[in-house]
Structures are given as C-alpha cells and as structure tokens.
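Turn these sequences into a full structure, and let the hints guide you.
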Amino acid sequence: MPKKSRPLNLEEFDAIDWDPVEAENSNLAKCMRRGIDESVVWEVFAGDWVDVEMPVNTAEFVVVGPNEERNQMWTLLFATSSKRGDWLRPVTGWPSDADDITEWENQTGQKWGKSSKRRRPRTEQKRKESK
1 MPKKSRPLNL
11 EEFDAIDWDP
21 VEAENSNLAK
31 CMRRGIDESV
41 VWEVFAGDWV
51 DVEMPVNTAE
61 FVVVGPNEER
71 NQMWTLLFAT
81 SSKRGDWLRP
91 VTGWPSDADD
101 ITEWENQTGQ
111 KWGKSSKRRR
121 PRTEQKRKES
131 K
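For the sequence shown, my numbering begins at 1 and goes up steadily by one.
By construction, these hints were calculated from the structure, which means they are not laboratory data.
It should be emphasised that the depicted structure is a prediction, and the values quoted were computed from it without experimental measurement.
Don't be surprised by glycine CBs; every beta carbon is placed ideally from N, CA and C.
It is possible that part of the hints are untrue.
The calculated DSS-like cross-link candidates involving lysine-lysine, where the alpha carbons are at most 27 Å apart (straight line), are [stated by the list, open to error]:
| id | residue 1 | residue 2 |
| --- | --- | --- |
| 1 | Lys3 | Lys30 |
| 2 | Lys83 | Lys30 |
| 3 | Lys4 | Lys30 |
If you anchor each label on the Cβ, the simulated ranges turn out as follows [to be verified]:
| id | residue 1 | residue 2 | range |
| --- | --- | --- | --- |
| 4 | Met1 | Lys111 | 29 to 39 Å |
| 5 | Pro20 | Glu105 | 32 to 42 Å |
| 6 | Thr102 | Glu24 | 36 to 46 Å |
| 7 | Lys3 | Glu24 | 21 to 31 Å |
| 8 | Arg6 | Ala29 | 21 to 31 Å |
| 9 | Asp97 | Glu38 | 19 to 29 Å |
| 10 | Glu69 | Arg33 | 18 to 28 Å |
| 11 | Ala23 | Asp99 | 26 to 36 Å |
| 12 | Glu53 | Glu22 | 31 to 41 Å |
| 13 | Lys83 | Asp37 | 18 to 28 Å |
| 14 | Asn71 | Asp99 | 12 to 22 Å |
| 15 | Asn106 | Ala23 | 34 to 44 Å |
Written out as structure tokens, the structure reads:
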C-alpha cells in the first residue's frame, strides 16, 4: 500500500548513496536508464527545488526542480539509505509532468518554461569575457 512522501531536509544527510553501475539492482543504473545521473541530482539540489507530496512505495521523499541550465524539470524520488541513516539514496525519477511543474510553480512563485534563461547571477569572469 503506498504511503505519502514526506518533506526532505537535506541537512539531515551527509552523502548521496549511489551503487556502482555494474552492481546488481544498482540504483545508479536504474536512474541512468531514465536519464538521471549524479550531476542531475546535484544540479537539482543546487537550484530551486521543492518537496512534492505524492503516493510512494519504496521512496520517502519526492522533489521537483530544474537542472542547472533550466532546460529540464526533474521529479526525483529518494529514500534514507539502509547503509547509513545519514545517507540519501536515489530511488528513481523522471522528467516532470505538468502536475509536478505546476506544483513547483505554485511553491516557488516562478513560471517554468524550457526556454527560460538561467537565473543564477553571472560570475565576475563571465562579465569580463562578455566585454
């Protein structure tokens, strides 16, 4: 029976628990089949992600957020690792659907569009290069 996901507090976790891709039942291999790797997870967590409540089976947490270039919105599911309670284990994920994007927009007050520009401020180096 599915349960509801709960809010994720990243401060409770010290590491991301990825299996080697060649390991049996590897979470990395499963996520990579869906286009998700370590960089996607880090990019989402570095940006404007939100918790989304939805029914889950093996996961505990569901987050929705854009990648660094802001050209893809991701829905990512996580659980607490069985190896260590302070490790966060990716379970699965997918490109966000319209409902997840609407929830992200409602929580952030931002409007999503694949053509939207990066919202990160330009670095001093980038400003010098553009002159």
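For each hint, the structure was consulted:
no., hint, verdict
1, Lys3 with Lys30, "holds, 22 Å"
2, Lys83 with Lys30, "holds, 18 Å"
3, Lys4 with Lys30, "holds, 22 Å"
4, Met1 with Lys111: 29 to 39 Å, "holds, 36 Å"
5, Pro20 with Glu105: 32 to 42 Å, "holds, 37 Å"
6, Thr102 with Glu24: 36 to 46 Å, "holds, 38 Å"
7, Lys3 with Glu24: 21 to 31 Å, "holds, 26 Å"
8, Arg6 with Ala29: 21 to 31 Å, "holds, 26 Å"
9, Asp97 with Glu38: 19 to 29 Å, "holds, 23 Å"
10, Glu69 with Arg33: 18 to 28 Å, "holds, 22 Å"
11, Ala23 with Asp99: 26 to 36 Å, "holds, 33 Å"
12, Glu53 with Glu22: 31 to 41 Å, "holds, 35 Å"
13, Lys83 with Asp37: 18 to 28 Å, "holds, 20 Å"
14, Asn71 with Asp99: 12 to 22 Å, "holds, 20 Å"
15, Asn106 with Ala23: 34 to 44 Å, "holds, 38 Å"
Checked against the numbered hints above, the structure breaks none of them.
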